[in-house]
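Enquirer: Here the sequence shown is numbered in the numbering used here, starting from 2 and rising by one per residue.
Just so you know, these hints were derived from the structure itself, not from any lab.
Please read these numbers as outputs of a predicted model, since none were measured by experiment.
Cross-link-like lysine-lysine pairs, in silico, DSSO-like; alpha carbons within 27 Å at most:
1) Lys103 to Lys72
2) Lys188 to Lys143
3) Lys247 to Lys188
4) Lys141 to Lys188
5) Lys244 to Lys188
6) Lys263 to Lys72
7) Lys247 to Lys263
8) Lys143 to Lys247
9) Lys247 to Lys264
10) Lys244 to Lys263
11) Lys244 to Lys264
12) Lys263 to Lys143
13) Lys141 to Lys247
14) Lys72 to Lys264
Each pair of labels, with its calculated beta carbon distance range:
15) Ser191 to Pro79: 44 to 52 Å
16) Ser117 to Thr189: 32 to 40 Å
17) Asn171 to Asp96: 25 to 33 Å
18) Pro75 to Asp140: 36 to 44 Å
The beta carbon of each residue, even a glycine, is placed where N, CA and C say it ideally should be.
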Amino acid sequence: MEVMWHASSFLLPQPQPQEPREDAPPPAALTYALIVLNQRLPRFAPLLWNRAQLRVCADGGANRVYDNMPKLFPDQDPQEVRLRYTPDVIKGDLDSIRDDVKEFYLNLGVRIVDESHDQDTTDLHKCVAYVSGSAPVEDKSKLCILVVGALGGRFDHEIGNINVLHRFSNLRIVLLSDDCLIHLLPKTHSHVIHVQLPVEGPHCGLIPIGAPSARTSTTGLQWNLSDTAMSFGGLISTSNVVKEDKITVSSDADLIWTISIKKPIKE
2 MEVMWHASSF LLPQPQPQEP REDAPPPAAL TYALIVLNQR LPRFAPLLWN
52 RAQLRVCADG GANRVYDNMP KLFPDQDPQE VRLRYTPDVI KGDLDSIRDD
102 VKEFYLNLGV RIVDESHDQD TTDLHKCVAY VSGSAPVEDK SKLCILVVGA
152 LGGRFDHEIG NINVLHRFSN LRIVLLSDDC LIHLLPKTHS HVIHVQLPVE
202 GPHCGLIPIG APSARTSTTG LQWNLSDTAM SFGGLISTSN VVKEDKITVS
252 SDADLIWTIS IKKPIKE
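Work the whole structure out from these sequences, hints included.
Expert: See the structure below:
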């Protein structure tokens, strides 16, 4: 089975290329895009912003950038911060963006896309579809979409955002909060996760949220799984601990990987 590599190097102040491994080549350089949803920005949002080549606000996410980015730079002029962190696109049903924020970004030439006619998909779904078609990379396996504001707030919104991971299982999508990140490990691959120990861990989990798993195996964890069955109503791997900087996972079901993020991380 083909190996899929994962590394949260976008959280490092100065990302370094992965060291070559004997058992497989290092992951190819990724192109990052950032999507901002309508929840509080994590403290490392400027770091992710500067990593990304495309920045998209989902509707009320524009309010968060306008209001919260200046708070992350309390010693700087708020208007200068807003000009420095201007999104490329604002997209969604536009029921949450404030009029003053909309006017501010329109005057800066930001593209605003009204998709209020589509009530069958979430704002995150709309933005992921847009990024997939617009990001400056031909090979989608080299695209990584970072999403802030996807965790916290209403539980149905959180579940809807996790559902997007499954609906776009062919894309690398990482949901981030101040406390943790999550992404999908599709069953079509075996997985190697290079844990960035300075900024993430040690607590982690593997959750078969899409369907039960009859067989999941891991290495590098305190409590490894060995052809272990997992399901809601049965065993799921929560409050596990990374013991090595290289984790391997193979499963007959799609899994959610989650790992804690250490404090502080800043640009």
